[in-house]
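Just so you know, the protein sequences line up as chains V and D, in that order. So in the numbering used here, spot 211 of the first sequence is number 211, and the numbers just go up one at a time. So in the numbering used here, spot 73 of the second sequence is number 73, and the numbers just go up one at a time.
Don't read these hints as lab results, they were simulated from the structure. Just so you know, even glycine gets a beta-carbon here, dropped at the ideal spot from N, CA and C. Check the hints yourself; a few may be wrong.
To be verified - Computed cross-link-like contacts, BS3-like style, restricted to lysine-lysine with a CA-CA straight-line distance of at most 27 Å:
hint: 1; chain 1: D; residue 1: 144; chain 2: V; residue 2: 189
hint: 2; chain 1: V; residue 1: 136; chain 2: D; residue 2: 102
hint: 3; chain 1: V; residue 1: 325; chain 2: V; residue 2: 261
Said to hold, decoys possible - Residues from chain D that face chain V, not an exhaustive set, calculated with beta carbons under 8 Å:
hint: 4; residue: 42
hint: 5; residue: 45
hint: 6; residue: 107
hint: 7; residue: 126
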Amino acid sequence: MAFPRTTSALKRSLLAVAVAASASGAANAADRELLNASYDIARELFAEINPQFETWWENEHGESVEVSQSHNGSSAQARSIMQGLGADVVTFNQVTDVQVLADAGLVADDWQEAFDNNASPYYSTTAFLVRKGNPKNIESWDDLAGDDVEIVFPNPKTSGNGRYTYLAAWGAADKRFDGDEDKIRDYMKTFLGNVEVFDTGGRGATTSFIERDIGDVLISFESEVNNIRGEYGSDDYEVVVPPVSILAEFPVAVVDENAEKNDSADLAQAYLDYLYREDTQRLLAGFNYRVHDDTVVEEFADQFPDTELLEVEDVFGGWDQAMEKHFESGGLIDQLQRR
Amino acid sequence: MSAFAIRLPRRLSGSTRVLPGFGLSMGISVLFISLVLLLPMTGLFGQLAGLSLGEYWAIVSDPRVVASYTTTLGAAAVAALVNAAFGLLLAWVLVRYDFPGKRLVDALMDLPFALPTAVAGITLATLYAKSGWAGNVLEPLGIKVAYTWVGIALAMAFTSIPFVVRTVQPVLEDMPAEVDEAAMSLGASDGVGFRRVILPHLWPALVTGTGLAFVRSLGEFGAVIFIAGNTPYETEITSLMIFVKLQEYDYAGASAIASVLLFVSLALLFAINVWQGRFVRRLHGGKG
């Protein structure tokens with residue numbers, strides 16, 4: 001007696017599951033799909049770019065596309081992809097994280113030649129956010145080694161953003177002391193000693209500086225400090241772009257292995273090309289990223305002060321060497337931070 | 001458990017087991033333990049297999065990592081001891097007294113389990129930073145909590161307090177109030193009654209709870225990371241060192257450091273179990 005009733009209940013619930021599944025299927029009814037694995041703070045950016053690309057592709061090719069996003073720290077994203085996340089393209093903020101994928105055979109070895117400007121459609125640098133009126137008079141990296149300066153930036157051991165800050169400080173000191181490594185080390189010791197809190201990521205550092213009122217200066221990407229100032233009030237904070245800083249590239253690549261598997265190689269290529277188009281570059285500049293398109297560069301000239309941008313390749317002989325000398329266990333940063 | 005195991009062989013021959021479906025339930029248990037506990041552990045040791053003994057030692061004895069052990073073990077010990085004292089008090093109040101809102105307080109005890117630890121960490125950091133309510137009051141007095149060692153212990157204490165309360169509570173509930181009344185009627189003062197009658201009874205539960213709280217604190221990441229400040233050699237916890245290794249794609253290194261935490265935890269839990277077995281045997285006059 002109880003048995004038939006259970007089966008019918010079972011059938012009903014199976015039916016419900018089937019309906020739900022087909023309903024969600026209907027929501028994804030696009031002809032083709034693309035997954036972009038990106039860094040943590042790019043959510044808002046790609047939320048604007050993706051719909052524009054979808055419309056553009058549909059007009060050009062007459063098929064609908066749905067671009068999905070996945071966001072996390074870019075090292076974590078690279079790990080996920082190696083462990084099976086089926087992203088077709090990556091848009092990262094760390095050259096090393098794309099390189100890891102290339103080393104694993106998921107991305108072409110010559111990925112930096114696959115797109116213009118080292119496969120970096122936009123770039124940024126490291127800049128300072130100081131409190132209103134710049135009470136500690138912080139204008140350059142040199143000023144950060146002052147006696148009573150408290151600094152906040154994310155941990156170079158856990159954050160690519162923090163790594164750029166470290167390298168920028170080193171590079172600026174290298175220039176100032178003309179390569180005298182003892183002097184650079186002394187400066188770096190003081191500089192690192194002035195750090196109040198080492199958060200694990202860029203957003204954490206922002207919270208410490210803004211919400212917890214810690215430190216005199218927050219160091220982060222120029223794009224990020226400008227966005228923060230926009231969001232938290234231009235009256236309370238000022239952005240300082242130091243005269244010498246570092247070039248932070250935002251590399252992109254097609255994850256060939258996944259794109260082939262998903263039959264989306266053409267789509268992936270077009271999506272990344274789309275980032276170089278004038279309209280998209282304008283949008284990127286609106287998010288305070290520096291771009292390459294000449295027309296857009298001119299339009300936004302006021303927004304991006306002239307700065308000498310050091311390149312990791314020139315100062316440190318490339319990322320591999322920088323990582324090995326400075327950031328690995330027992331590397332320079334471990335020694336410099338020793339008290 | 002041990003008594004059960006000893007009696008087992010005699011009963012295995014016949015079909016006279018007390019529990020029906022022993023084979024099935026045992027099978028499911030073993031499967032569950034394998035999938036949920038043993039498989040990840042195997043994975044951990046699998047990662048370690050790629051390291052030579054020298055490499056392993058170099059990783060786990062790196063000065064920065066060693067400094068993190070000191071910070072983590074110290075803060076976890078303080079957190080566990082504070083929890084032992086206050087957890088016992090809380091359990092006592094919840095079992096022995098009736099007061100309005102008691103059920104609410106009782107439910108609140110599980111909050112640290114229910115709350116995502118990162119939320120707890122962010123909340124604590126907000127509260128104890130110099131701009132927060134508590135930090136606002138404490139910092140002028142020269143007491144810095146957030147971004148110091150004290151903050152780490154505080155976050156650990158927060159996430160692990162339920163272990164003490166929830167292990168001591170049922171034992172206290174099983175202990176009728178008549179026991180302390182009897183002690184008092186026989187002339188024991190409050191202090192003596194507590195020390196010589198109540199505490200011995202609670203001792204195993206309290207030690208287990210404190211041990212669990214300690215072990216939980218060793219591995220805590222989410223809650224601690226936001227309030228720790230993460231200053232190298234000073235306020236870096238071992239979980240952060242593991243996280244750093246993962247960021248560097250150094251899985252073997254991460255597993256090596258994790259294994260140190262695991263060994264400490266296992267050794268401690270094992271020691272508690274052994275001690276408890278002895279304690280219970282002594283309590284039962286060696287017949288245990």
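Item to check | Numbers of unmet hints, in rising order | outcome: Result: hints 2, 3, 4, 5, 6 break, sorted rising.
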